[in-house]
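Visitor: Residue numbers (our numbering), protein chains in the order written: chain A, 1 to 471; chain B, 1 to 471; chain C, 1 to 471; chain D, 1 to 471.
Heads up, a few of these hints could be off.
The list treats identical chains as one, so a pair stands whether inside a single copy or across any two.
[Stated by the list, open to error] Distance condition first, Cα-Cα at most 30 Å in a straight line; then the derived DSBU-like pairs of lysine-lysine:
id, residue 1, residue 2
1, Lys393, Lys117
2, Lys186, Lys201
3, Lys145, Lys304
4, Lys218, Lys201
5, Lys429, Lys393
6, Lys145, Lys302
7, Lys186, Lys218
8, Lys218, Lys249
9, Lys186, Lys302
10, Lys429, Lys304
11, Lys354, Lys249
12, Lys186, Lys173
13, Lys201, Lys304
14, Lys249, Lys302
15, Lys173, Lys145
16, Lys173, Lys117
17, Lys201, Lys393
18, Lys218, Lys145
19, Lys429, Lys354
20, Lys145, Lys186
Treat the hints as calculated values from the structure; they're not laboratory data. This structure is a prediction, so every number in the text was calculated from the model and none was measured.
Residues per chain, in single letters:
Protein chains: 4
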Amino acid sequence: MVSKPGFLDRTLAHLRSAWRDLGQSSACPTNLRLHEDLPETDHLCLLEQMNACLEARGGEVAARAGAARLGNAYMGLNDTGKRQFLLLLAANFDVSTETIDAILSRYQQADPSQRHKIRQQLREALEPPRCRLLTQFNALPQGVKFLVDMRADMHRLGSPETPLLSDLKHDLKELLTAWFDVGFLKLQQITWDSPASLLEKLIEYEAVHEIRNWEDLKHRLTLDRKLFAFFHPNMADEPLIFIQVALVKGLATDIQTVLDETQTPLDSEQADTAIFYSISNAQRGLQGISFGNFLIKRVVSKLKREHPNLKQFSTLSPIPGFQRWLASTIKSNSFGLISRDEWGVISDLAPSDKEAPLVYLLAQKGWHLNHSYCHILQPLLERLCTHYLLREKRRGHQALDPVAHFHLSNGARIEQLNWLADRSEKGLKRSAGLMVNYLYDLDQIESNSEGYSAEGSISTADSVTTIIARH
Amino acid sequence: MVSKPGFLDRTLAHLRSAWRDLGQSSACPTNLRLHEDLPETDHLCLLEQMNACLEARGGEVAARAGAARLGNAYMGLNDTGKRQFLLLLAANFDVSTETIDAILSRYQQADPSQRHKIRQQLREALEPPRCRLLTQFNALPQGVKFLVDMRADMHRLGSPETPLLSDLKHDLKELLTAWFDVGFLKLQQITWDSPASLLEKLIEYEAVHEIRNWEDLKHRLTLDRKLFAFFHPNMADEPLIFIQVALVKGLATDIQTVLDETQTPLDSEQADTAIFYSISNAQRGLQGISFGNFLIKRVVSKLKREHPNLKQFSTLSPIPGFQRWLASTIKSNSFGLISRDEWGVISDLAPSDKEAPLVYLLAQKGWHLNHSYCHILQPLLERLCTHYLLREKRRGHQALDPVAHFHLSNGARIEQLNWLADRSEKGLKRSAGLMVNYLYDLDQIESNSEGYSAEGSISTADSVTTIIARH
Amino acid sequence: MVSKPGFLDRTLAHLRSAWRDLGQSSACPTNLRLHEDLPETDHLCLLEQMNACLEARGGEVAARAGAARLGNAYMGLNDTGKRQFLLLLAANFDVSTETIDAILSRYQQADPSQRHKIRQQLREALEPPRCRLLTQFNALPQGVKFLVDMRADMHRLGSPETPLLSDLKHDLKELLTAWFDVGFLKLQQITWDSPASLLEKLIEYEAVHEIRNWEDLKHRLTLDRKLFAFFHPNMADEPLIFIQVALVKGLATDIQTVLDETQTPLDSEQADTAIFYSISNAQRGLQGISFGNFLIKRVVSKLKREHPNLKQFSTLSPIPGFQRWLASTIKSNSFGLISRDEWGVISDLAPSDKEAPLVYLLAQKGWHLNHSYCHILQPLLERLCTHYLLREKRRGHQALDPVAHFHLSNGARIEQLNWLADRSEKGLKRSAGLMVNYLYDLDQIESNSEGYSAEGSISTADSVTTIIARH
Amino acid sequence: MVSKPGFLDRTLAHLRSAWRDLGQSSACPTNLRLHEDLPETDHLCLLEQMNACLEARGGEVAARAGAARLGNAYMGLNDTGKRQFLLLLAANFDVSTETIDAILSRYQQADPSQRHKIRQQLREALEPPRCRLLTQFNALPQGVKFLVDMRADMHRLGSPETPLLSDLKHDLKELLTAWFDVGFLKLQQITWDSPASLLEKLIEYEAVHEIRNWEDLKHRLTLDRKLFAFFHPNMADEPLIFIQVALVKGLATDIQTVLDETQTPLDSEQADTAIFYSISNAQRGLQGISFGNFLIKRVVSKLKREHPNLKQFSTLSPIPGFQRWLASTIKSNSFGLISRDEWGVISDLAPSDKEAPLVYLLAQKGWHLNHSYCHILQPLLERLCTHYLLREKRRGHQALDPVAHFHLSNGARIEQLNWLADRSEKGLKRSAGLMVNYLYDLDQIESNSEGYSAEGSISTADSVTTIIARH
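Take these sequences, add in the hints, and give me the full structure.
Guide: Below, the structure is given as structure tokens:
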């Protein structure tokens, strides 16, 4: 039985009486037609429907049908209406603090031997009734997708300052975390034989290196290129997360080459290395429910089995926080990473009124095409970047760079730093053109991961470690 | 982050030290070979593995792999070992009362505006850590089936008096309730074209009218007989619950005829009635997680769509509690349901030393073949049975008979009582050979269900209501 | 047993001896590596392999494996080599005229009662042994596709004047006719959910109205647009023929509108007419094996069933031979279709040295944008076109226009002529911008078809018939 | 265009006039209701329908629809009616001898350069028009199965002495040979997960060792037992031929052990030998169209790939003609296979009035349980059987025993003779309890097959060859 907050009944009584004062019956139309911005005159009707679903007096089957109608009504609302709908749901179907206080007072007085049972009651009372309503939306034909999208709505409409929506979002996260347990996900290779309607979504969802058109997409799906995704059985035509792989010879050091459709494809028997060059989350509504670590490792296992000649598994990754860190930190030579001479050279290249000459230089369009700039900047930036990756932390042990943190948590090793590896506008702007290979060595993943999570120790190839010392 | 009970660390420390005293290293073999009855010498190893899964220090992927090893080890145990395994899991990964008490004391002192956040912490602290371990078992190839079977083990091994196991069973029920949300279930018709390995399970799981052999099974799957089941996408070769339907002309009044393979099948265009003559839960581990109501209604909708000539949807159901109730209640004519004359006749038929002559008579083998007995018993038993169905209650409003309660909750109507409708041994023993038709009228289901759940009012056909008055 | 022509043995003996004279063993490498233009030095090897397949002395399984090797070798040849391969096959595995003459002489002398048996022998002797070899190529993984493509090669490499290849092409046609019996073909709707690799082929194969890009393609597959194709079970990823349908309100009169992606799609419940606006054969190797009539009728039945509100089924077709006919015929006003006045006006518009002023005018770029031209040309061209469609014949009864002949054979009716219905370059050049609706009325198809095939009578709407009289 | 025999038009004219004389219109009902034994009054209607299909005047689509109606009508006939139907089809749609004679006379007079074209015409004229009608039946939903079953009907209803039906059967064989080209067949493993409706057919079709019940069937499909079948894509739920395999250690020498459900199954990693212990054709209508050789070899390849530890592939086969040969041949010791002493001993065991004492002995029930009999009979029967297998021939080189001929054609080797290997009633009666292993050694198959088909040479293990000399 659901413990319903007493204030809901009071709210409903209040609204009904206000409604009667207006001389109108409160009866909701059975098709539940709401105005798309959900004005106050629609609230009573909506709350009564929500309440009916919760009480399920006509049976759970009827309650689910009602929830499906509510869900359809929600989908017909505009953003104002959706926000209102979510706020009503969050506010009116919260936990009952009265009930909780009552249970707590019994708990205090209870004999220790009886407390066990009361804890159970307490736990139930702490689960907001709206959770049940959220579950009931699964009655919609695409119920799971509906809830995932609803959570994306909460994210979009709740920011920045709506605690009620953030509570609701938390409730929904709990539900989705259970439903999207990684044990339910299917790893599937997406190929050029996959449905066009699915491939179209890859173009939309790709977050790292934009897919420019269908030819670009085909290039990423055929011959020496592969793409793998996780799917949920109840959301079969929506990838949850996907990863793109290039089979190459030796570590790939340059994203331009990987993406170049005109390169002659490598015979798959000659490849010895799998490069993970892009990983994208496809569902904003699953934010905070993480599958990336599972995806990479299951893809590594699959590739190993199907291509026994592959000896190395590595990413070619951006360093998205590097330039931001540079801009916020390297204003003067405050910590010995830049020699006096270097600082001098750089300062000379920037106008004298610039406080941050390095940042200034890197903001110049086309700097990377200027050989003399590069000559100066390469050793300096490689050193700074190595420092950034290995030593800059947040929340205690975590690497400051989010991509680094992700792969290090997974147990990868920082294998190689690549100069001018991403010369796209975005790559220059965020990573100063640098990219890094995170290597997945299955034999070391577990201990690396343990070391990183326990003490923040970062597994690093010697060639990278020594960069810092070079000056 | 998981809040782990402090006592687990203490237990582990204690066991490790005891182990060292024995001069042995505590290292668990990586393949986790346990003795099949799980003697005490295996406990440390097992607890350490469980603890490692929970801590997931080498990453969640490694933790899941560990959980899979634990699950495999569990499957290798005998019942003694399984019980021990479950008890260790329940006892050592329970909630931490210390943590809870600490949170509660903060809650009492907190400002009302801060309590919201503390309630959230309290809710998390009230979730036992073992729940996470249960979830991790989903890493097994057939993880969902594993957990369902594990819950069946808890049921079998926990009874009657093990509160720890019953807590664990409750935790697992919560998890399975989320995973087996009815929105995930697929309704499938099972036919003679279904895999033999699946059909074999129907023979095993059928709980109402035994399937005697493959010919009997084929008869229930072809022509004017149909069988529908709910499946979960992650347990694709296991029915969860299934229902058997006979397409007939008019209400079926006799289960013998329905099951008779030698009857000429009805041309499906002539049928006007669908009779649900058996519904069986197939997974003991899902006990208490109910799908029957959804199944019936989805089958009704499906049949309506595919066979527009069907006008009536009804069960032909046993009355399993009738004889038990008779035996416990009808010792003398205490409530006016039996006339003095009737009582006299019945008493004369039984030896004079029998306290309960009616029960005595019904225990005589072959009584139903004796016409003079039937002549006396039919009006009497029909009256008693109607009384039993309509008036005998438990827990307030609920019908005493469990099958009646199920169908009445679903909104069905008691349509007809059928004399000698089940002359099998089981049918005579439990229902005195009587069966009842519960009618599903889609237009009335919701209001019936509401009336029954609110006030226990039972929708009944006139022809049944009047039986009580007949004497 | 295969009757092998004597001359093959003689040819082989000759080649073998020539080979020995060169001091070389005739042994073929088992992997059958041929030079890609198949020089004479490869002939002996190739013929021996073909002969071995035919004799199948090591069993039929080995012979098939040999045929597969031959097929792979063929695929490695260039056009010169392929042509040579086909010629060798055609010439050396033809029927044995000696055998036929021997049978015929027995036939003449035989008793009528024995002739039945001899006719059977004659029939077998008339089947060239190369037919068996063609069949054996079905051992290739994509054997059916291989043979279809080989027949396309014969078409391409045999033209114009190679009777041997045209015999071989005929043999292969017989085989493919049996294999591609329409009873084996599956009608499938191709949608935006179909594999991209299949959709890509539609872009390549579309022969009527070019598919410009993936957006254009998507528009033709979604909402009020549909595409259906026939597939063969052994060539599952290759459409054989496909047809494109627009669901519209009233007869579509203008292909530009049909193809316009920016039009608001019609709600499928409002559509009352299905317009077949393109039908393309996808496999040149199946030329002469016709499925178009079956495809249209099966699509009509399918649409009728799935969209009961559709009342009319019609094409919007080009008139591809119209301008060619105009150019070859309308040099002066020789048959009363053009009035003296009209001729005068048109002649005035063209330079005086032009023999065929009408053709001259229609060759002027942009004539259709010139209102005064259109004013003059519309009545004239509509009249000429109607005459062309209804009265110009070839091979006795057949309509001269190939598209008209196809639809009239199928039993369609000429329903409507549409002015400036195709303003593309191709449409103006071939059909002077005119298009015609051929209407498929299922009730009349059979009798129309019978009338047309027996006497060339053409079912025509009154509004079209009267066009001729209009001047 | 179809060349239709002139006599059909004459027959139709005759029947129509006879019909009119009876005062009845000849119009066939469109639903083509025939009496089930097809009396003469139905012939005109039937022939007209057949003729209409052939002429296809309303188009090929309509003709196919007509053929489908004819097919349905055929299925409604009893055996008398079916035979009549087939005879009418065979007789009235035969080749036209007039046409053929006309072509022949042109051929004789023609210039050699023109004969090529005339041969083509001759070939077409020699194809009976009924072939086209047979093809048109493919319009039925299960058209392929219909024709296969129709050919089985021809077999059953045509024997022994109906040349017309045997011609028709030949025509149909040609069609089915093209359609059932082995390149189209799919090899599928049938398992306990296959549809019950399919498994049921195995029980029905098994021709070698009867499948007694569903438990026996399950035993043959699970663990160390496998079953493979060929399927045609247009007859997807009907196996064409299937083979049963036992994975064992060493050559199986005894069918009782193979079939024994109570034997502990072998761990598949321990097996080194695959025993083919049964191969059954499932479709009588495909008699003479052979797939067995392909099936065995494809199963060998598949097993080799999936179970690399298998080193030997062999049958355990009956010797079905052995006893028949014994009975017809071994009446006295006429050829030195039986020594005088042996003959004496055997003669003493049989009553003196028996001409064939060996045959007499083998006809005694339970002889194989009598040790002293076995002591005498084993060396003698093994010698005779070896002689029978290796030296008794028919049609020149072929082994007299049909099973031996099948496997030797396929290139197998006679590996071992097994005493009392089949003690079933059938095994004792046909093979005197003996069985033989035919070994498939992929390296030798091709040369064995070539040797056998060219010269009848039989590959035999030494241990078998020496049996003959033993006495």
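Visitor: Report the numbers of all earlier hints that the structure fails to satisfy, in ascending order.
Guide: 10, 11, 17
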